[in-house]
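Asks: Sequence:
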Amino acid sequence: MNSTYDEQMAVRRSGRRAGETVTRQAILAAAQASFTERGYQGTTIRGVARDAGVDPALVHYFFGSKKELFTAALALPYDPADLVRQAQAGDPAETGTRLARAVLDLWDRPDVGGRLVAMLRSAVTHEEAALLLRDFLGREILLRLAQVVGGTDAERRAALLASQIVGVAMLRHVFRVEPIRSMSIDELATWIGPTLQRYLTG
Numbered sequence: 002m003n004s005t006y007d008e009q010m011a012v013r014r015s016g017r018r019a020g021e022t023v024t025r026q027a028i029l030a031a032a033q034a035s036f037t038e039r040g041y042q043g044t045t046i047r048g049v050a051r052d053a054g055v056d057p058a059l060v061h062y063f064f065g066s067k068k069e070l071f072t073a074a075l076a077l078p079y080d081p082a083d084l085v086r087q088a089q090a091g092d093p094a095e096t097g098t099r100l101a102r103a104v105l106d107l108w109d110r111p112d113v114g115g116r117l118v119a120m121l122r123s124a125v126t127h128e129e130a131a132l133l134l135r136d137f138l139g140r141e142i143l144l145r146l147a148q149v150v151g152g153t154d155a156e157r158r159a160a161l162l163a164s165q166i167v168g169v170a171m172l173r174h175v176f177r178v179e180p181i182r183s184m185s186i187d188e189l190a191t192w193i194g195p196t197l198q199r200y201l202t203g
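In terms of the working numbering, the sequence shown is residues 2 to 203.
Be aware that one or more of the hints could be misleading.
Derived DEER-like restraints, expressed as beta-carbon distance ranges [as the list claims (entries may be wrong)]:
1. Ala-131 / Arg-199: 21 to 31 angstroms
2. Ala-76 / Glu-38: 15 to 25 angstroms
3. Pro-78 / Glu-128: 26 to 36 angstroms
4. Leu-144 / Gly-168: 35 to 45 angstroms
5. Arg-51 / Ala-73: 12 to 22 angstroms
6. Val-113 / Met-184: 18 to 28 angstroms
Derived from the structure by calculation, the hints contain no laboratory data.
Quick caveat: nothing in here was measured; it's all calculated off a predicted structure.
Idealized CB from N, CA, C, for every residue including glycine.
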């Protein structure tokens, strides 16, 4: 029995029309919303299936386990290398502020920010999600930031940069602490840019 037939049978059981792309995207959208709102621990395969209007068998069919669903839901429609390019484009003395502005803008984007928030919220409540976050930070963020830093102690400086960025993101998007939550991107970048610059060149 081939995979197409399996999918069609699962779709028929769920009462939805056949259509792999539409069904998969509906599940992903429901998963992204659930991980953002409820975190890793509070999200279940059955809950995602219910929100997507499909049979739970379809969630397993497309994504396998909850861990694999989490990983797929957090795949970013954005190339982190763009942060490096934006940070490096201009006066080296203003790299920290440009980096801050680029990161803050990324977190505020509706197609990206929700996934990053889900990643943070899940990481503080579940060890498996924390491991995935550490892997993402190391592979996609710290290595990119190390390219911006260069020179001596690049990895240490990049880790300190990431600590500042993640800390601000937690306060702004997860804990929603004022006035950080309501500050504009330009205003917040002006405040934290010099700190990032010190990590870069201090």
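Asks: Please go over all the hints and tell whether each is borne out by the structure.
Replies: Hints versus structure:
no. : hint                                  : result
1   : Ala-131 / Arg-199: 21 to 31 angstroms : holds, 28 angstroms
2   : Ala-76 / Glu-38: 15 to 25 angstroms   : holds, 18 angstroms
3   : Pro-78 / Glu-128: 26 to 36 angstroms  : holds, 27 angstroms
4   : Leu-144 / Gly-168: 35 to 45 angstroms : violated, 20 angstroms
5   : Arg-51 / Ala-73: 12 to 22 angstroms   : holds, 18 angstroms
6   : Val-113 / Met-184: 18 to 28 angstroms : holds, 19 angstroms
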